[in-house]
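We have chain A; now place chain B onto it with these hints.
One-letter residues, chain by chain:
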Amino acid sequence: MIAVLTLASAVAAMSLRNLVHGVLALACTFAGLAAVYLLLDAQFVGFAQILVYIGAVAILIVFAILLTRSGEASPQRRFSSTWAIGVGIAVTVFGLLSGLILSSRAVSQEIRPPPVVTVHQIGDQLLTKFILPLEVIGLLLTAALIGAVIIAMHEKERE
Amino acid sequence: MDQIFVTLKCWLVAAVPDQWQPLLSAALSVGAIVVTFPLLFAITTILERKGLGRIQNRYGPNRVGPYGLLQPVADGLKALTKEDVVPHTADKVMHFLAPLVLVVPVFLALAVVPMGRNMAALDMDGGVLFFFAVGAATELSVFMAGWSSRNKYSLLGAMRAIAQMISYEVPLILSAVTVIMAVGSLSTVRIVEAQGGYWGVLPQWYVLTPWGFAGFILFMIAGTAESNRSPFDLPEGESEIIAGCYTEYSGFKFALFFLGEYLGMFAISGLGITLFLGGWHAPLACLGWIPSYVWFFAKLLGLIAVFIWVRGTLPRLRLDQLMGFAWKFMLPMTLANMLAAGVWRFMPAGAARWIVCATLVAAPYVMLGRALAGRKRLGKRVYRYAD
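As you go down the protein sequences, you meet chains A and B in turn. Using my numbering, you'd call the opening residue of the first sequence number 131 and step up by one each time. Using my numbering, you'd call the opening residue of the second sequence number 974 and step up by one each time.
Isolated chain A (complex conformation):
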């Protein structure tokens, strides 16, 4: 049922005319994904999903809409003229992905009881096995921060 809700809000996010309604449907999709994570007993990922996606990414999109004032419904046609090709590509990608996942090792083994992952273990792994990705992400975030400051600064200088 959660999957149906997530898919429905994802479809709504893309097909609603009113942009702001679409953003709210997108937030609903994120919440559905978080619910799926929580059902799989991955607490940290679920809460991080809510914190990052609903709390930051949705707000980012909202700000973009607010600052560009494009909230009114656009008069374009909802479905583009090449929608059949789009559907074909989507079906092909879905088939490829599901075929790969179903034939991979993760599914063909017997289902063991899921491991209980605590935040402690995630933190441990982040600082020992995955330390390099952690540092790279830190660098990436620093670059984004500096870029944001530079963009904001230039706007002031032009005035």
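Please keep in mind that the hints were generated in silico from the structure rather than gathered at the bench.
Derived DEER-like restraints, expressed as beta-carbon distance ranges:
{"id": "1", "chain 1": "A", "residue 1": "148", "chain 2": "B", "residue 2": "1181", "range": "52 to 58 Å"}
{"id": "2", "chain 1": "A", "residue 1": "190", "chain 2": "B", "residue 2": "1358", "range": "48 to 54 Å"}
{"id": "3", "chain 1": "A", "residue 1": "194", "chain 2": "B", "residue 2": "1057", "range": "28 to 34 Å"}
{"id": "4", "chain 1": "B", "residue 1": "1040", "chain 2": "A", "residue 2": "278", "range": "49 to 55 Å"}
{"id": "5", "chain 1": "A", "residue 1": "275", "chain 2": "B", "residue 2": "1336", "range": "21 to 27 Å"}
{"id": "6", "chain 1": "A", "residue 1": "273", "chain 2": "B", "residue 2": "1287", "range": "34 to 40 Å"}
{"id": "7", "chain 1": "A", "residue 1": "231", "chain 2": "B", "residue 2": "1046", "range": "57 to 63 Å"}
Every beta carbon over 12 Å from chain B, so not counted as near; a handful from chain A, in silico:
{"id": "8", "residue": "166"}
{"id": "9", "residue": "212"}
{"id": "10", "residue": "231"}
This structure is a prediction, so every number in the text was calculated from the model and none was measured. Beta carbons: idealized from backbone N, C-alpha and C, even for Gly.
Okay, now just chain B, sitting in the frame of chain A:
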């Protein structure tokens, strides 16, 4: 006496057949929260109005009931019976959903706060993370309220409110991280248990350490800003932008926004008590016979009194002052605080630890204060009279 509510709940849950037990247990916890906190909200409204009145040298409401104590009842009746005015061009679905999107995450956040021994409604491994996650979800409701009203001033108020809330989320979370570092767990129940010891007379609460003291103050300031409370209530300042993003709401929906804001205040206070003030522990070992939930609610009422006091005392911050305060002062202070907390953890216990950590916290405070106030030369006060 201490475990009376827990025992009551266990007895009630044991009285129903097995397959209904989880449902009844959840329903009882939720029911307890849904009953207690709106009641506390009603008491807070009257306390606030009387308190603000006394600070401003006037009586608060004193007509309804003895000393005005039945004022919340009158307010509730007014809110319920007022006509629900929705603007003609407003986005009806969003307009309706915005108060709900505010109140529901706040109730969720209240569920992880431990209110007594064994009395946290949800004991999760990532309790603090859950709290901040649902706190972040309340910002969407502010946007929905502002946008759906189709009112320029509402939109402006909503934009300012969201900017303020996301700016202050970073110091809020960073100041809470120091406690998580000291405890080693994200679970609120474990954090309270870790503050249970006593050094002789004084309790081992984190507020009584240098980094905990600074962290507590930073957390409370950021919490005041997160729940849009004075002196950070520019988004809904009354003489500035009428009610800001809540302008077009009347009657029960406005009361729901009010409820959501105050419950947010309770939730942040509750988390502050859990992280820094020792949760439900008594301040002195000899007072441990008083039930744990009495201590929790006493501390909560104390923090609410401080909120009311600050509201009546400090003037409202302007938007650029507010944002500058968050990014230029609070963020570096929280980072310095994290450094101090790390040093505290790894130094051996003793006087040197205190001196080093206190310096690590006080030095950035003084330097930042000097640096950020450098531009304005505040001279001697000059009076100009109208002639």
